[in-house]
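Taken in order, these protein sequences are the chains called A and B.
Numbered per my numbering, the first sequence finishes at 502, counting up by one with no gaps.
Numbered per my numbering, the second sequence finishes at 502, counting up by one with no gaps.
Since the hints were derived computationally from the structure, they do not count as laboratory data.
Honestly, I wouldn't trust all of these hints.
As the list makes no split between identical chains, a pair holds if one copy fits it or if it spans any two.
Claimed, not checked - Subject to a maximum C-alpha distance of 27 Å in a straight line, what follows is the list of computed DSSO-like cross-link-like pairs (lysine-lysine): (1) K371 - K341; (2) K174 - K229; (3) K249 - K229.
Listed below, chain by chain, are the residues.
2 protein chains.
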Amino acid sequence: MNILFDERLDGPLPAVDAATTFERLRAALPGMTLLHRDEDRRPFECDGLSAYRVMPMLVALPETVAQVVTLLRTCRELRVPVVTRGAGTGLSGGALPLEQGVLLVMSRFDRILELDPDARIARVQPGVRNLAISEAAAAYGLYYAPDPSSQIACSIGGNVAENAGGVHCLKYGLTVHNVLAVEAITLEGERLALGSAALDAPGYDLLALFNGSEGMLGIITEVTVKLLPRPESAKVILASFDDVEKAGRAVGDIIAAGIIPGGLEMMDNLAIRAAEDFIHAGYPVEAQAILLCELDGVEADVADECQRVREVLAQAGATDIVLARDDAERARFWAGRKNAFPAVGRLAPDYYCMDGTIPRRELPRVLKGIAALSAESGLAVANVFHAGDGNMHPLILFDANRPGELERAERVGARILELCVEVGGSITGEHGVGREKINQMCTQFRPDEITVFHAVKAAFDPDRMLNPGKNIPTLARCAEYGAMHVHNNRLPHPELPRF
Amino acid sequence: MNILFDERLDGPLPAVDAATTFERLRAALPGMTLLHRDEDRRPFECDGLSAYRVMPMLVALPETVAQVVTLLRTCRELRVPVVTRGAGTGLSGGALPLEQGVLLVMSRFDRILELDPDARIARVQPGVRNLAISEAAAAYGLYYAPDPSSQIACSIGGNVAENAGGVHCLKYGLTVHNVLAVEAITLEGERLALGSAALDAPGYDLLALFNGSEGMLGIITEVTVKLLPRPESAKVILASFDDVEKAGRAVGDIIAAGIIPGGLEMMDNLAIRAAEDFIHAGYPVEAQAILLCELDGVEADVADECQRVREVLAQAGATDIVLARDDAERARFWAGRKNAFPAVGRLAPDYYCMDGTIPRRELPRVLKGIAALSAESGLAVANVFHAGDGNMHPLILFDANRPGELERAERVGARILELCVEVGGSITGEHGVGREKINQMCTQFRPDEITVFHAVKAAFDPDRMLNPGKNIPTLARCAEYGAMHVHNNRLPHPELPRF
């Protein structure tokens, strides 16, 4: 079922007049950049989920909180929906524009307002790049832990909006675990101060509610993050396996042994070969799977854990276990992993990156299921993922120029996500729902639960002016999508195995 | 200003008929224990904040989720408010009953439903005691980290409702950081499954929203918690100081050195002497302050950190630094701390325990402020607290039999909380808001923010049937309380210093 906005399935949008909106915003905000020409708006027609594109009606680039307040008040008065965008690197289409809406781009809020090494916090504007925080903190031996692979470009406001993750979130948590406070502007133009530099805050936990809320509750104008001391030492172990499921079981064994690695990543043979071909990382191209296990902390601790991890891996049936001998080799091992997506991208004209999360113990079962789906559909699937926290990134390879292949890839992707839900997992680990997974939300949640989500949304935005159609499906959409499951007592994709 | 429910300040409650409610509940739920006689209801008239007592109209003790659903539907139909209670150990009056309401006691939901040592999770009913989880997990070398000092009695449902903390939450987090999933029943009797055993969950973060929601959004019927491996080694250092502020600064120095202790507690001279007198812990009674610093982890790591902490403490001006020589001495050091409240309780007929949280760097300033308030008011204040995470527990000593002393103690307490807010902290660290801090919420949040809290509440319970009057004050109450601040341009308690 199509994920593009459909008034029949996603609810009606107000009728909007582009010229009036432009004039009113121009008059109210003479100093603000407001893009209306085709060539100026074009770069904003998609985010990182570039298979889907919509030209925004207008693009606003405010520079002050006062401008954001005025913009929101004006749009609310005109009943023009507002979609907020950070750096545009999101992978689930959370910042996909609306033809009849204003795209509010926060990239000019790019100042670090405060960096307190004693309190270990940084207070920054939402457009500050993820990596820029760690760069500024490096002088004090500190860094910001969540590290999405887009960290050179993605901004912290978007990280909060999508509750971004990264290689190290097994040990150090997602964005929600590393954000202490957020300032946000409501649709009415009111300022909310959520959380605090202190450990706990009274009242309902609206700070957590804003993490992952995809611009649907308010506009984030300031973020206070935790900084951590750089670990004294870090080592990487590369383990090879002759069987994917064995590697999956080894992941659980490491955690069960009481070790929380800084990163614990897995790649299957297709991904290994693609990465090796592209980066020459030194990966064993004959292995059916590899695990990369990074251990960090104080020197003595790391040495001890390396020894214990080697023992667990040997017990789990690893065919080869290599400790990176120096920082150069360690960087090379990671370079293969970090470039795995573009490397796999060289194998086929197009690929579709999934983001399901499952309980670790289900890794072997789900990997088997993905292999069956791949065989049935005739589409190759490479597996590259954050194994330690059960966050899978199957990459489905296809050729959009061949009729029907995009749709087939979407169906395989949908089935993979549903499989994640079946084993007790979830349809997203770090990319968010956006528009991409709007249908799978109907698999994840029952109508009662979706109704509660809408009620919470209405507490902030009863008229659905902020990013309408994202994150939470209407019951109408679920009824249509769910009908595919239930009617005729058949599965949605009868051509695919049900496991 | 009084914290007891006042319809003028807290909004009207529906008129309720006790006899009809009893008959209808009895008819709908013949198998459920329903207490209506005075002597049966008496034990439930307060929780751990025993200075405030209200006799509940009826007390229900269901044993099944189906009974909870029927009870909620019946009460909703009759428009009878419902206050939910766990073990009744809460310190902020979150489970203070209503004269015209049903008290729903969840203590019979006391089964551990699942304990999976590989996944390191326990799925339990809400009435399971906090310590019972760790006891059941001990066979696998695991435990549940948050450890309120009431952990022998308090139940996990109440821990979630109040987002409980404990000595170890500096390193291991509050309840919200250790709960993976919650099942709850809404007022309409619908089941919500929030969170999952996987790392992330899509949709708004309602799981976090339920942590600390004090029974106002729904009834928790199941909780899935994280289990952690017991640390291999734990050591305790006791450091003495001749000055409270120096001890406060040493706390920040330890954290700034890149060490996160398992526990980092502070006691001032009054608390030291009371504890020593009561427990004979081996504390230095001449010290103006002591720090207890526990380091846990693998052996080599702990030894290394002990050395570094000793250096930091010496640098910070500690007059004596002692490492507990064995587990017996370590246990004795902790016994003094853990019994500090009852020990201080022996110094005066009554004491009032506060729970403000501040950024660590403000510890010296706030300690100075508390000393000034104590001097001005003539009431002794002992300080015993989780220094590492800035969670203060000043104990205000008074004699309720002396006219005006309770009120004076309340005013000192209110000023201490306001001081916490002034320095960027919050009015609660781990005890919650309940009724106790209902007025201070007006200091912590602006009317815009309180309006948003009410909107979120209304998304779940528009008619205020669940625990009305707790957690979030009405704007009417804030106007009255705030007026004390603003009118005549005077402070609320002009007799107390403003610092």
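Status of each hint after checking the structure:
no., hint, in the structure
1, K371 - K341, "within (24 Å within a copy, 51 Å between copies)"
2, K174 - K229, "both (14 Å within a copy, 14 Å between copies)"
3, K249 - K229, "between (37 Å within a copy, 25 Å between copies)"
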